[in-house]
Amino acid sequence: MLTKRIIACLDVKDGRVVKGVQFRNHVDMGDILELSQRYADEGVDELVFYDITASSDGRVVDKSWVNQIARRINIPFCVAGGIRSVADAKTILNDGADKISVNSPALEKPQFITELAAAFGTQCVVAGIDSRRENDQLQVYQYTGDASKTIKSKRETVAWAQQVVALGAGEIVLNCMNNDGVRQGYDIAQLKAVKQAVSVPVIASGGAGDYQHFVDLFQQTDIDGALAASVFHSGKIPIPDLKAYLQAQSVEVRA
Amino acid sequence: MIAIIDSGGANIASVQFALQRLGAESVLTRDIDQIQSAERVLLPGVGAAPVAMQSLREAGLIEPIRQLRQPVLGICLGMQLLFRRSHEGDTDLLDIIDGDCTAFRPAPGRSVPHMGWNKLHPKSQHPLLAGLPDVAHVYFVHSYFVPVVAPTIAACNYGDDFTAIVAQENFMGCQFHPERSGQVGARILQNFLEMPS
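Residue numbers (our numbering), protein chains in the order written: chain A, 1 to 255; chain B, 256 to 452.
Be aware that a few hints might be false.
Result set (EDC-like, lysine to aspartate or glutamate): computed pairs, CA atoms no more than 20 Å apart in a straight line [unchecked claim]:
1. B:Lys374 - A:Asp31
2. A:Lys236 - A:Glu108
3. A:Lys149 - A:Glu115
4. B:Lys374 - A:Glu42
Sample of chain B residues with no beta-carbon within 12 Å of chain A, all distances over it, derived [as the list claims (entries may be wrong)]:
5. Gln322
6. Asp389
7. Val396
8. Gly437
9. Pro451
Keep in mind the hints are simulated off the structure, nothing from the lab.
All C-beta atoms in this analysis are idealised placements derived from N, C-alpha and C, irrespective of residue type, glycine included.
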């Protein structure tokens, strides 16, 4: 049986791992290579490196660390942030990343997802979606890496998720912005709605604060993986302990 | 020397890095002489079967690959290429091992692509499987699969049972990415490197 994936997200700013609350007030969390190696050793299933400054600054992620990580670690990793062209993506994949994730540039030009899928295959192309609950609506947000530039896009979340899959995305990372950084659990209802609407894997992001939040996610939805940052970086939830806890609750995870 | 056949896809670097971590140097090439004279050969592949086959055809590599006598390891799409035919774009493959490649159909509880860590079910004793733990998970990313066939040495299940590792004489293949499969993947690559050539 395919196991549920536990994914650590490393938000990268100026070559360091940082974490903010609801995308603001970034605090330095450590060195990229050291943290990556630690997670790989502890049994995390995948890493996502998200350059939170890139998209809104209009520049591409600094590539030197991509290559260093690819040389060092033996688990899959995805690079996100400011990938605006097929050439940008190609450089990152050639440097050894397994997947690239696009968000704001896909909202600007949806066809970009199709171009990436045609060039590298859908399995390399992840669509990141930042979604906020507003009254009864699920709304997609854009340029969330920088609070001063964040805007509401004109798109509704479930419809956009279906569109990115039709365009060629092989996976969706759904970041539920209301829950991000506040450690009150994943947005189960929203994740369920998106997962039911698409055929590709969906990764949950935003809200993990306790062991039980992961259990709730995997027992109450068909979500394929859980992404978290601060609870892992701070040491509040060590990966081996989380996996043991999930296994005890009959959630299948990698040994 | 180990030759990694350049089948045109991106993301070949990670295979080379995995070999480096095991202390083995390799060269990325589409030069026929270099491939034929290599001690062992890796055939990675990411992307679509028709594109990869076209790339091998243009490089004049199809017949030379079929004739190789040293250990050959196909990875992911590279494993699929060893078989007869793929439903992906109705493509004739290298036709070294008998069997066809078909698509996973999405279903409730089965996202496609099959992406993530899944369990190996060994079918027979083989040097490639030496020293693996009883429960061995490896990392898969694929939308097409080869059913279990006679030379399958390890299967996996994702709604359908399929070939995770195949071995027929000197030709071997892994549907998953050993270079991204932690300690288990590293051990499989190590086993391949230690095979008599």
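Here's how the hints hold up against the structure:
1. B:Lys374 - A:Asp31: 32 Å, violated
2. A:Lys236 - A:Glu108: 37 Å, violated
3. A:Lys149 - A:Glu115: 26 Å, violated
4. B:Lys374 - A:Glu42: Satisfied, since the Cα-Cα distance of roughly 19 Å is no more than 20 Å.
5. Gln322: Non-interface label stands for Gln322 of chain B: nearest chain A Cβ at 29 Å, farther than 12 Å.
6. Asp389: With a cut-off of 12 Å, Asp389 of chain B comes too close to chain A, as the shortest Cβ separation is near 9 Å.
7. Val396: At roughly 5 Å from the nearest Cβ of chain A, Val396 of chain B sits no farther out than 12 Å, so the non-interface label is violated.
8. Gly437: Its Cβ does come within 12 Å of chain A, the nearest being 5 Å, so this is violated.
9. Pro451: With a cut-off of 12 Å, Pro451 of chain B remains clear of chain A, as the shortest Cβ separation is near 25 Å.
In this structure, the hints that do not hold are numbers 1, 2, 3, 6, 7, 8, in rising order.
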